[in-house]
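Asks: From just these sequences and the hints, can you work out the full model?
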Amino acid sequence: DVKVTQSSRYLVKRTGEKVFLECVQDMDHENMFWYRQDPGLGLRLIYFSYDVKMKEKGDIPEGYSVSREKKERFSLILESASTNQTSMYLCASSPPGTGYNEQFFGPGTRLTVL
Amino acid sequence: RKEVEQDPGPFNVPEGATVAFNCTYSNSASQSFFWYRQDCRKEPKLLMSVYSSGNEDGRFTAQLNRASQYISLLIRDSKLSDSATYLCVVSPGANNLFFGTGTRLTVIP
Chain E
1 DVKVTQSSRY LVKRTGEKVF LECVQDMDHE NMFWYRQDPG LGLRLIYFSY
51 DVKMKEKGDI PEGYSVSREK KERFSLILES ASTNQTSMYL CASSPPGTGY
101 NEQFFGPGTR LTVL
Chain W
1 RKEVEQDPGP FNVPEGATVA FNCTYSNSAS QSFFWYRQDC RKEPKLLMSV
51 YSSGNEDGRF TAQLNRASQY ISLLIRDSKL SDSATYLCVV SPGANNLFFG
101 TGTRLTVIP
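So the protein lines, in turn, are chains E and W. For the first sequence, position 89 (counting from the first letter as 1) is numbered 89 according to the working numbering, and the numbering increases by one without interruption. For the second sequence, position 88 (counting from the first letter as 1) is numbered 88 according to the working numbering, and the numbering increases by one without interruption.
Hints in this document: simulated from the structure, not taken from any laboratory. Mixed in with the good hints, there may be bad ones.
Stated by the list, open to error - Not the full set, but computed from the structure, chain W residues with beta-carbon under 10 Å of chain E:
#1 K2
#2 Q6
#3 G9
#4 P10
#5 F34
#6 E43
#7 P44
#8 K45
#9 S49
#10 Y51
#11 N96
#12 F99
No residue lacks a Cβ here, since even glycine has one placed at the ideal position from N, Cα and C.
Replies: Quick look at the structure:
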């Protein structure tokens, strides 16, 4: 079974703090994604990566950055957390190939910024 | 305009009922279509893909109408375990997915 793990289930940070969210997958997937999920807005793509050291902006990249130093690990960074970044953050991975492949999600990190 | 629109519900149905969800999408060039299921406080998981010819998986039937740009999910003989949020997902290709906000289903004993 594919396993995607995220470093924390719940996180509370203060405005202005630098926040790291870690995601690790064990299926040697090339593709990894970061989403945030908010009531009434659904899942929105923040950043994704097709390969090590490669990153692409999604629909809402402002205020976020990412790092992919190793194939299995994709980190989301909030350089200076703000209250509007309070959300559920979901990481996903998928195998390579053209077109769509099923995305496998981690359990999510619920981040609260005070 | 949102890429994918769904009725958020909630749909409350008795066990054994048949329930249907619809979803519309805005990009006529969309190539792939899916339903994901998300249990309360859990991550989304793929329920089924949606093919142009329609497809069935046990009690679940998914259909696609490209001309009208909508996707449907039909659940027959609802079980308590079907209670979840159902996410309509559309892909224009290249691994990008657009998620609807989800339709919440509660199956009542």
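Asks: If a hint holds in the structure, say so; if it does not, say that too.
Replies: Against the structure, the hints:
Given hint, K2(W) at the interface with chain E, holds; its Cβ is 8 Å from that chain's nearest Cβ, closer than 10 Å. For the restraint placing Q6(W) at the interface with chain E, the shortest Cβ-Cβ distance is roughly 8 Å, inside the 10 Å limit, so the hint holds. Restraint check, G9(W) versus chain E: the minimum CB separation of about 13 Å is more than 10 Å; hint violated. Because the beta carbon of P10(W) sits about 13 Å from the nearest beta carbon in chain E, more than 10 Å, this interface hint is broken.
The beta carbon of F34(W) comes within 8 Å of a beta carbon in chain E, closer than 10 Å, and the hint placing it at the interface holds. With 10 Å as the threshold, the beta carbon of E43(W) comes within range of chain E, its nearest partner Cβ sitting at about 4 Å, so the hint holds. Interface hint status for P44(W): upheld, as the beta-carbon distance to the closest one in chain E is roughly 5 Å, under 10 Å. For K45(W), the shortest C-beta to C-beta distance to chain E is roughly 7 Å, which falls under 10 Å, so the interface hint holds.
Interface restraint check for S49(W): the shortest CB-CB distance to chain E comes to about 8 Å, inside 10 Å, so the restraint holds. Of the supplied interface hints, the one on Y51(W) is violated, with its beta-carbon coming no nearer than about 12 Å to a beta-carbon of chain E, more than 10 Å. The restraint placing N96(W) at the interface with chain E holds, with a minimum CB-CB distance near 7 Å, inside the 10 Å limit. Interface restraint check for F99(W): the shortest CB-CB distance to chain E comes to about 4 Å, inside 10 Å, so the restraint holds.
Violated hints, listed in ascending order, are 3, 4 and 10; each of the other numbered hints is respected by the structure.
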